[in-house]
Structure formats: structure tokens, C-alpha cells
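Q: Use these hints to put chain B onto chain A, whose structure you have.
Protein chains in written order, with this note's numbering: chain A, -2 to 160; chain B, 1040 to 1819.
Read the hints as simulated data drawn from the structure, not as lab findings.
Treat the hints with caution; some may be incorrect.
Stated by the list, open to error - Calculated lysine-lysine pairs in the BS3-like style (CA-CA distance at most 30 Å, straight line):
1) K1386(B) / K1358(B)
2) K1386(B) / K1427(B)
3) K1601(B) / K1283(B)
4) K1655(B) / K1601(B)
5) K18(A) / K1073(B)
6) K150(A) / K1054(B)
As the list claims (entries may be wrong) - Covered, in the sense of this in silico footprint (three residues per stretch, anywhere, with C-beta under 8 Å from a C-beta of chain B), are these stretches of chain A:
7) 73 to 80
8) 105 to 112
The structure displayed is predicted, hence computed values, not measured ones.
Ideal Cβ placement from N, Cα and C applies to all residues, glycine included.
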Amino acid sequence: MVDITLRVNGATCTGSLEARKTLADFLRDDLNLTGTHLGCEHGVCGACTVIVDGRAVRSCLMLAVQAAGREVTTIEGLAPDGGLGPLQQAMWDSHSFQCGFCTPGMVMQATAFLSDHPDAGEQQIREALSGNICRCTGYQSIVDGVLLAAERKQGSDHDGNRG
Amino acid sequence: MTAIAAERYTGASIKRSEDPRILTGAGRYVDDIKLPGMLHAAFVRSPMAHARVLSVDVSAARALPGVVAALTGADLEAMTVPGPDLLMTLMGWAGPTPEFTLLATDKVRFVGDPVAVIVAQSRYIAEDGCDLVEVDYDDLPPVVTAALALDPGSPPLFANLGDNIASPHSRSEFGDVSGTFAHADRIIDFHIDVHRHQNVPMEGRGCVASYDADLGVMTVHAATQSVHVTRIGVATRLGMEPDKVRVLAGDIGGSFGLKIGASREELAVSAASRLLGQPVKWVEDRSENLTASGQAREESFDVRAAVSNDGDLLGLDAKMVIDTGSYPGMGTMVPAIMQAMLPGPYKLAALGFESTAAITNKAPYVAYRGPWASETFVRERVLDLIAKDLGLDPLDIRLRNVAPRTDPPAVMITGRPLAGVTSRESLERVAQLVDFPAFRRRQAEARAQGRYLGIGVATFIEAAPGPRSPEGPSGPMGLESMRLRLEEDGIVALFTGQMPHGQSHQTTLAQIAADEFGVPFEQVRVVIGDSDIVPFGLTGGSRSATMTGGVALHGARQLKAKVLDFAASVMEVSAQDLLITDGNVWVRGDPATAISVSEIAGRAASGQFGVDADAKLEVEATFDGGEGGWSGGTHCAIVEVDVETGIVKVERYVAVEDCGALINPAVVEGQIRGGIAQGIGAVLLERSAYGEDGSFQSATFMDYLMPTACDVPRIEIEHLETVPLDADVNFRGVGEGGMIIAPPTVVNAIEDALSPFGVRIYEQHLPPGRILELISTGID
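Just chain A, same shape as in the assembly (with noise of 0.2 Å):
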């Protein structure tokens, strides 16, 4: 067994685990953190996509004691009030997702991405999404969900004052 240091959501935890387990089982399991889903195990579906020092990070490839010492965030912690962050309330309006198994996956892999290119466009998002798949939607009500978190950002950035 290996004990293991870490910040999750902003929280410092300790961790007692086999070497073998994952970032993903040991977030499921020994944290009880379970918004993240694992899809394919083999780092393919990005359902089980966390952020690790600000890097979005596909936590079944990762294993756990690699993020001793590290940042880590789940869609948990995206808005610690228990309410919606800007990108998951533009995902809601949007009508983004529908049996939600990916979405934890797609927020964070958008939270990261977005985090980076503020002003990304339509195929750029496409792009950026295109590790994380999604059985339900066709995907165009994600990537909307994006594009107007991003120009909602962008309204607030270039003017503050506007309702």
C-alpha cells in the first residue's frame, strides 16, 4: 500500500492505496467523489476527464499515487456551493446533454479548454471535444452550450456594466 497527499476541490486528502489503482477508482471509491464516470477504462470516451494542475487529464489512464502532490479538480468541484458554474448553467440552457454520462467529462475537458481559449470559435470547440464522446446528443447542443458560456464570458469581460 501507498499513502498518498493530494489536493481535491480545493481540499487536502490522504489516500492509503495499491499502487495499481487508479485516479478515477481511487476519486469513485476511496473519495466517494462518483461524478466521475468511467466510460472505456482505456482513455478513448474522456467521460472520466478531471483537471490535474490545471490540465484536463483522462483520470482512468492516470494512477492514483501520480497525483500525490497535485491539484485536482472533479465537475464536484466546479461550483462548491452545490450551485451551477457559468459553463454548466449555459450547458442547461442549451438543452446540452441528455442521459448525462459524459457530461462530467465534457465540462471539465470545456472547462480547461475554455480556460485557455477564451475565444475559441465553433470548430475550435469542435476540435477540442472531439476526445470525448457522447452517445446521445450529435454533440451540437454541447458544443452551443460552449460557444455561449465563451460569448457570455466575453459579453462580461468587454462590458461589465451591461445587465
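A: Relative to the frame of chain A, chain B by itself:
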């Protein structure tokens, strides 16, 4: 003073009540369930397509620390009741019935067939245990194709059947088939293949079974399209009284037809929990999902079309062979639906239809979004091929052949009336939205530059629910039930057997009931997912819009009448003078009399209302579908084929749809777009691939390619104004249409793009390699 809301929720894109939990990671999917003392199961699966099982040695697995049980097929056989696929039992199947056990005992029949189950303290240890199980197999010749299966010399997969026929050859004729073909100007023959592909919900199958030995009650937390069908399955195969089985379900990560009933694995896990007296969880991984959960389609058709020189499609004669894979179930039911639907919205005078269902060493055939869709693929492909032969435009040949909307309605040659079908209108609307002459000019210019654009159209109808039979009293889809109750706090609770897995029923049903009853949307709660409290039901077959939407409407109306009767007693007025709007009961013309619905409910619950009135504010409603009706529409795709790489890009996609009155347009359009995306994936990317030895070659997402955000274009959707057939309920199902019609739409466009090469397409799967082969064959 009360504000009287005039707006209606029904018809508006109300934001989903499911989303706040889903967007914050607070959804509860089956793998999120953690029970005290819960164990974890993993399955040992066959690496062989067809083999005798000589021995299964689980002793090393049993000795592994952390392993609690290692059960073989023989162990499970002693603990469970034998029987065929649950679907066959439920649908009254009377044909050949293969005998098999939950886990393989005498033989394995496909790569992935479960052979043993290991139950351990963690999934990691359970999988370690699987690695220690030694199975001795004796190879049998694999029966990998339907053609092999139909060879009388092929080794039978099931000893009790003696051959590999799941459903014996049958032929039906409608109209004067021989006369129609004898008098036709032309008879054209085709062989058309549809390839094997599969549902692939992002969440695989799974369950947590928890047996309480003291109470003798089995609780199964399931990912299912129906808690009751799962309950029946578990009770039947575990030999339990149905009332001792409770099935619970929460959020479900998609299904598309896959998660109906109880799978062999889920039954084995339930039996293990009963044996051990502890909860056992099993959630399949992606490899298991692709290999063993089930696959769909794979039908081949020999089609003859009787055609006039002017382009009238007079008759079709189709011989179908369906590859049901191993362990037949749904694949035996599908041919009858295909036969009924093959005429589509066209005025076909004669139809001959033959089918045979073959058993092969592949994963079982399961329902997948529009299970009968291949009939539409065949018909819409045939129409384009005929149009090419006759030099007709694909829009024109369809407009020429669709049945006119008449009163009484035209009747399909297979029997159902085409009441309210707007195929012609959808074709005409597509022609307005897409400027075909301008496209043809652009296509010609592009070709001159070595670029190959193509346009395709296709038309479908879907019995969602279908029309009421003109002869009998029965509705189009049986009955749908709902219990509705006004709770003490004024919440209108709807108890439904629907088990949504992306369809947004907690939003859409609340919209309908809120309007009908007269409360704010937020005051309606849709209760799902507990077999102890919801009535029988199933989410599938695109039934919920009409059937459940309808019972929500009529049930809310009945509950409202009951509440008004009680309120009238309390308020000492006539019920006829009372209204409910915006959550308040008031006397018509006198808003000052308004009392909130919650106050009325509280009075009823208190038992202290001083009058002789029925205070049980609850109704059990049923709905038979009313007049029913068809969904349908016409889709159009514009594609560009790169003839160097074989890559197809869908440049534009237009869908003109008629699914009746829209409950929630954003939800409807999500269903349409999602189905189209699956159809694009089916044509360009997805294939459940088997080798000649029966090996499975697409067990990961590196091999089974799913459409991504870069493969699916922005989809333009228009809704036609529908023809109302029913006085109240004109919502129609829209879950399956996109997946039914996108494959022929895209293939028709690809063939059009490749027409300079003389390419004719008789298949559905067109990945880049196949496109290049078609081009080179066409050039030769």
C-alpha cells in the same frame, strides 16, 4: 389576488429538471451505488467462438485472498431456473427454443460467452481471480456467418435444436404479387447487406443485487429500461415470487434498446448475492460491453422490384436472412416488424416477404434504436437505384410514389392505414430548404476541380405509436398506466413505469401535467425507478410521447376533477364553477376566492374538513393511445467524398420531421440529432467485426470507432405542422426515427457523389477503405 398564467409549458423548450444534478456530478448511476458489505463481480469469458467446455477449474481463484466466491456454470445451473431469453417468453414466442444455462456449462457459443463469475472484495481482486481460472476448451468449427448457419451440415450451436435456425423460413404475400410482377415493365434485382453494429451507451450494463435472507427479498439496483421487466426476469430465473423482488433504478447512462430485462450476467450476480447473503455489484467494462452485451442489425436481403417505365414502384419481393448471433432473442421478433413496415409511406400494390433467422457464433442480436430499420434502408436504397436506372431525380421518384393523403386514408398493403402521414409535405419542404438545382450546379463545378459532392434524400414513417386499428377497439400499443396523487404539500406526483435514460421524462411529463392540472411546472414531481411503487411500463419503441404523455394528460385531468370535487365541498360551491390555475383553486370570475392547491391538499390530508367528501386525492389512469398516428419525415444530406483517401465528410444535413405536437422542442430535437449521429456513425465508422474464425475484432474504442464532435455536422431541423388525429393527444414518438433514416440518407448521398465512377452501393458500411474499393471497382 392571484396571477392567472396564460402560458403553457407544453410546446416550450422548458429547461430540464434532470440537468442540475447531471451537470454537478450528483446524478446517481448504478456504479455510484455503494452498499454496506458490498462485493464485486467479474466474469471469466470465452476466448473461443465455439468450443466444448471440458473443465473449469476455479480452485486457484478461490484460494486468492479477497475472493469470496468463484462460481462456474454448473454452480449457477444448480441455483437458477433454466429458460430462454426473457424477451421470447414475454412476447409469447412459439418457435424453436434453444436450451442454455446462465453461464456456459457444456459449451461456449461466442467470444465473450460468460463461463465463470468471481466475487471478491474489490473489482481489482475479482479480475485477478478471473486470471487464475483455468478452462479447458475443445474447439468446434465456428459458425460465423448466416450462410454457414443455414448449411444443414453446420454443427448446431444448441443440441436440442439440431440445426442453426432460430426462426424457420416463412413467406407472406400481400396483394397480387405474381400478377404485379408479371405485368411490370421492368423487374430489377438487388442484393443488399446491412452490417453488424451496436448500441454502445456510454454507461455499460450493470447492477447491484442485494439479497436480504431474513426477509427473503431480493433488491436489484439496475440500469434498465423497465424496472418491472427486470423484476420479472430476476424472479423467473431465480425461482422467486415476483413480489419478493424489488428493482430500483436511478440515472441511466443511455441504452438505445440494450438494457431491457435482465441479462445473463445480471441474473448470475443476483444469484450470487442470494447465495452469499451480501450485496454484489457488477458493472461491465467497455471491452465486455462491445464483446458481450449484444449487437444489432446484420441482415441481408435479396430484393426484386416491379417497376413501371415511368418510375412507379409497383411491388417488392424481399428475402431476408437475419443473423441473430448466439442465444436468440430479439432477432427472432424483428422480421415480422420489417415485413409490416417495408411498404413505408408508398402506394405499393404488392409485397412478398420471406425471412429466416440464423444462429451464429457471435454476440446475441439485441434491440437497437429502430430495430427494424433495415427495411427503410432497403426501400430507400432501392428507390434511388431504380431512379438511377430510369434517369429520374430521387425527389421525384419519391413524390411520384408516396401515397396521397386521402379520407379515408390510404392503407399500407400490409394492413395499417396511413392516417395523417405527411411524407409528401416533408419531401416538398426539403425541396424548398435545399436548393437542388443550385446544388447540381455546384456539384458540376466541383467535379471539374476533382471534388466529389453528393446529395441524398430518404423518407420514413415510424409507428410511434401507429394508427388505431380500423377494425378493433384495441389501441396501437396496448395500455399505459399512471398513478397520480396530489401530495399534502401540493405537489402533483406522477408515478410512471417509464424508465428514462436520456429521454427527459421528468421534464416532459411534468410539462403536460402542469398544464392540464393548472400548477407551476416546479410543482409536479415525476416518480420513476421503483418497482414497488410505479405501475408496469417500459421505455422503448418510442412509445412514451403518445402513451405516457397521453396518460399524464388524461390522468391529470381526472385528478383535477377529483380535487375540484373535494374543493367544492370545502368551499361550498359547485365544482363546475371552480378553476385551477397557477396552483390556485378559485371561483370563476372571482379571483379573490383563490385558495392554493397545497392548502386544499393539506385540508384533505388533515381529515378535518367537516364535510362528507372523497378526500383521497389520487387516481389510477390508463390510456390506450387514442387515435395514435405516425411519426416520419424526410432527411437530406450533402456529402463530400475525398476520392484519394476515401474519407466522407457530411457537409450539410437537413431533417424535416413530423412527430405530431411537440412537448418540448429542445428535447425532440436532441432525440433527432442523436439518432442521426448514430446513423452517420453506422455508415462511416461503426462495425462489430468478426474474423473468419469467429474472433471478435472490435473490442475497444480504437477498433470500434464512435462518431465525434468533428464527424457530426450541425443538423438543421424543421417540424411540419402535423395532422391532428386525436381530440387531446397528438404527441408522437421521436426516439428512433433519426437512426432509422440517417443511414439511407447518407448512403444515397455517397452514391450520388460517386456517380461519375459508376458506383452502385448495395451495403451500409462505407469506411474509407471500402469507399476506395468501390471507386476502383466502378472504374474497372
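Q: Looking back at the numbered hints, which does the structure fail to meet, lowest number first?
A: 3 and 8
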